[in-house]
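Chemist: Residue numbers (our numbering), protein chains in the order written: chain X, 806 to 977; chain W, 56 to 504.
Think of the hints as simulated: they come from the structure by calculation, not from any bench. Keep in mind that a hint or two might mislead.
What the hints assert, rightly or not - In silico lysine-lysine, DSS-like type, Cα no more than 27 Å apart, as pairs:
#: 1; chain 1: W; residue 1: K97; chain 2: W; residue 2: K125
#: 2; chain 1: W; residue 1: K390; chain 2: X; residue 2: K974
#: 3; chain 1: W; residue 1: K139; chain 2: W; residue 2: K125
#: 4; chain 1: W; residue 1: K97; chain 2: W; residue 2: K356
#: 5; chain 1: W; residue 1: K237; chain 2: W; residue 2: K390
#: 6; chain 1: X; residue 1: K809; chain 2: W; residue 2: K97
Claimed, not checked - Listed next, the stretches of chain W that the computed footprint assigns to chain X, with coverage defined by at least 3 CB atoms under 8 Å from CB atoms of chain X:
#: 7; segment: 167–176
#: 8; segment: 184–194
#: 9; segment: 380–387
#: 10; segment: 403–416
Since this is a predicted model, take the numbers as computed values, not measurements. For every residue, glycine included, the Cβ atom is placed at its ideal position computed from N, Cα and C.
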Amino acid sequence: MLDKVLFYFFAGLAVASAVLMVTRRNVVHSAIFLITALLATAGIFLQLRAEFLFIVQIILYVGGIMVLFVFVIMLVNLDVALQQIQFARQKWVALFVALALAGQAGFMFWSSGKVPGQGFPVLTAAAAGNLPPNSETVAHSLFESYLLPFEIASVLLLVAMIGAVVMAKKRT
Amino acid sequence: MNAVFQSTIEFLKVFWAPLLCGLAVVAILPLIVGYIVLVERKIMADMQARLGPMRVGPHGLLQPIADAVKLLIKEDIIPDNADKLVFWLAPVLSVGAALLSLAGLAIGPAFQIAQDINIGILFVVGVSAMGIFGIVLGGWASNSHYSLMGALRSSAQLVSYETAAGMALVSALLFTGTLNIKSIVEAQSKEGIWFVMLAPVAFFTYLVASIAETNRAPFDLPEAESELVAGYMTEFSGFRWSLYFLAEYANMIVVASVATTLFLGGWLRPFASVRWLNFLDFIPALLMVAVGIYCVQRVPKQPTRVQQMFMLAVAGLCFVLGLALLAPVVVPAAKPFYAGIHGAFWFIFKVSLYIYFFMWLRFTIPRYRFDQLMRLGWHFLIPLSIVNVLLVGVALIAGAYFHLQGWGLLLVTTPAAVMALIVAFLILAIEKEHGARRDQTSAPDFYAG
Chain X
806 MLDKVLFYFF AGLAVASAVL MVTRRNVVHS AIFLITALLA TAGIFLQLRA EFLFIVQIIL
866 YVGGIMVLFV FVIMLVNLDV ALQQIQFARQ KWVALFVALA LAGQAGFMFW SSGKVPGQGF
926 PVLTAAAAGN LPPNSETVAH SLFESYLLPF EIASVLLLVA MIGAVVMAKK RT
Chain W
56 MNAVFQSTIE FLKVFWAPLL CGLAVVAILP LIVGYIVLVE RKIMADMQAR LGPMRVGPHG
116 LLQPIADAVK LLIKEDIIPD NADKLVFWLA PVLSVGAALL SLAGLAIGPA FQIAQDINIG
176 ILFVVGVSAM GIFGIVLGGW ASNSHYSLMG ALRSSAQLVS YETAAGMALV SALLFTGTLN
236 IKSIVEAQSK EGIWFVMLAP VAFFTYLVAS IAETNRAPFD LPEAESELVA GYMTEFSGFR
296 WSLYFLAEYA NMIVVASVAT TLFLGGWLRP FASVRWLNFL DFIPALLMVA VGIYCVQRVP
356 KQPTRVQQMF MLAVAGLCFV LGLALLAPVV VPAAKPFYAG IHGAFWFIFK VSLYIYFFMW
416 LRFTIPRYRF DQLMRLGWHF LIPLSIVNVL LVGVALIAGA YFHLQGWGLL LVTTPAAVMA
476 LIVAFLILAI EKEHGARRDQ TSAPDFYAG
């Protein structure tokens, strides 16, 4: 029961703040609502007992990426940005993509249980006191089962980092 | 409605103790912070050969309460063109993040609000880093150039030094293999050696980075009064201003506690595993009694009756604390409380020493220039901390190969530390050459970052 209440609280908060983030005209307000949405998602992770994902969400998205977002927003001249009509040309494409996504999700919900092998697998919950230690489990799967993808992703990030440094460097 | 009520009951049944503890911390922390400020003013006065606050209470002991009352009844000013909602939200965010991160800390084996979180140290570091939003949004919402500049500086500084601090934490965590705060301290008690000995370079990096993260001198560029009035706090007054102040000092407590937990052995006594040094257990009690006797000695010198009574009360408090600290060592019946009471004493003692070091630096070293600060972070601390993580890792593998444990680990970690130091000097030499060339070609960019 408590789990359900917490889930609907965080999920509602996430959806509401996501909507508010898109509809606000003021960029900083949008950023605040995006932070709220990300925090609410972190809350859902915590409700699912995924402590490690919860803190990674907070450290990476809220503490890292959003700080840079807000930082950039403050450096940009907001008055100019506000006068421009934004996203106008993408309206129909966005609508189409959103409808397609909603249709797919709806099909997943509808088909679960009806078509064998389709829809969401329903997992049984582990007893709360019986969970394996979170960060250790993540570490084992990252560095044992998925070592190669992990390394490829790191190399990709390194390339992006070096590229950013090269582009930011003054040409003297 | 019934379901909501039921789940609330269910929630309270499980969480009543942490909730009460949290409430207590929120209630007591402002008082503690007030007294840290008083101690800071007294230390500053001592270093500058003055007396400091002396008027309110004996030796200014009631000054924090007078200050708090003044701040509470001050007029609350909101600038006309400020973004009212964000202006209201920003200080709350700052102080909320700082208070929330306190929940993960363990003051002793028994005193921890959020018991045994698997991700303990990450929780504390990650949540306290969220306080930056309070500063940035506050600076933006004030709609003032000084505030915005302070906020920009602050976020640039925090993002830069977060990396170095994180790498320093990784070096220490390599020894434990866990993020749980209790397990980290227990690992140090099992090894019989604090991680500051095993990873001194990491401790140094964390020390510098933590000063920068808490915006303290010599890295207090975001609120440099000679350049930016008061930085992001320029437009804030009264209670809101005091919230920012509270957040700053709470953050100091948080970084000091993280350093204590990871590097200084948490709640452990110095040389906790050495039997013949057990007489060190008497030190806390002796310290308290000494302070009490000093207070009693000062009583006749107080000018008024009230102040004399107050001084006696302080002495009495010291004696009671001394007794409480003595009991677990002497009385066998009180033995079970030893870990809790003495743990809390040593933890608070180490945190105080760390904060004292912050203050000492503040009154000793002049403020950095902003481009120097950025260069120190990116060109010196981050490379050094990354190299140190690598070296500590190699040392650990070597230690496992030779089956070294405890003090024996020093055999492999000391060469690693020496090599890290050599790397540090190399980086400094290269930096010096580059810096000299850069200063010749272009003027420093004061708002860089």
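Chemist: Does each hint fit the structure? Answer for all of them.
Modeler: Going through the hints against the structure:
In summary, the hint linking K97 (chain W) to K125 (chain W) is supported, as the alpha carbons are separated by about 20 Å, within the 27 Å threshold. The hinted pair formed by K390 (chain W) and K974 (chain X) fails the criterion: a straight-line CA distance of about 64 Å is larger than 27 Å. Between K139 (chain W) and K125 (chain W) the CA atoms are separated by roughly 24 Å; this keeps the pair inside 27 Å, and the hint holds. Using a Cα cut-off of 27 Å, the hinted pair K97 (chain W) and K356 (chain W) holds, with the two alpha carbons roughly 19 Å apart.
Of the supplied pair hints, the one linking K237 (chain W) and K390 (chain W) holds, its CA atoms being roughly 21 Å apart against a limit of 27 Å. For the hint linking K809 (chain X) to K97 (chain W), the alpha-carbon distance of about 53 Å lies beyond 27 Å, and the restraint is violated. Restraint check on the segment 167–176 of chain W versus chain X: 3 residues with Cβ-Cβ distances below 8 Å, three needed, restraint holds. Figure legend: the segment 184–194 of chain W, annotated as covered by chain X; annotation consistent (6 residues with Cβ-Cβ distances under 8 Å, at least 3 required).
Given a C-beta distance limit of less than 8 Å, the hint that chain X covers the segment 380–387 of chain W is violated, as 0 residues qualify and 3 are needed. For the segment 403–416 of chain W, the stated coverage by chain X is violated: 0 residues have a C-beta nearer than 8 Å to a C-beta of that chain, whereas at least 3 were required.
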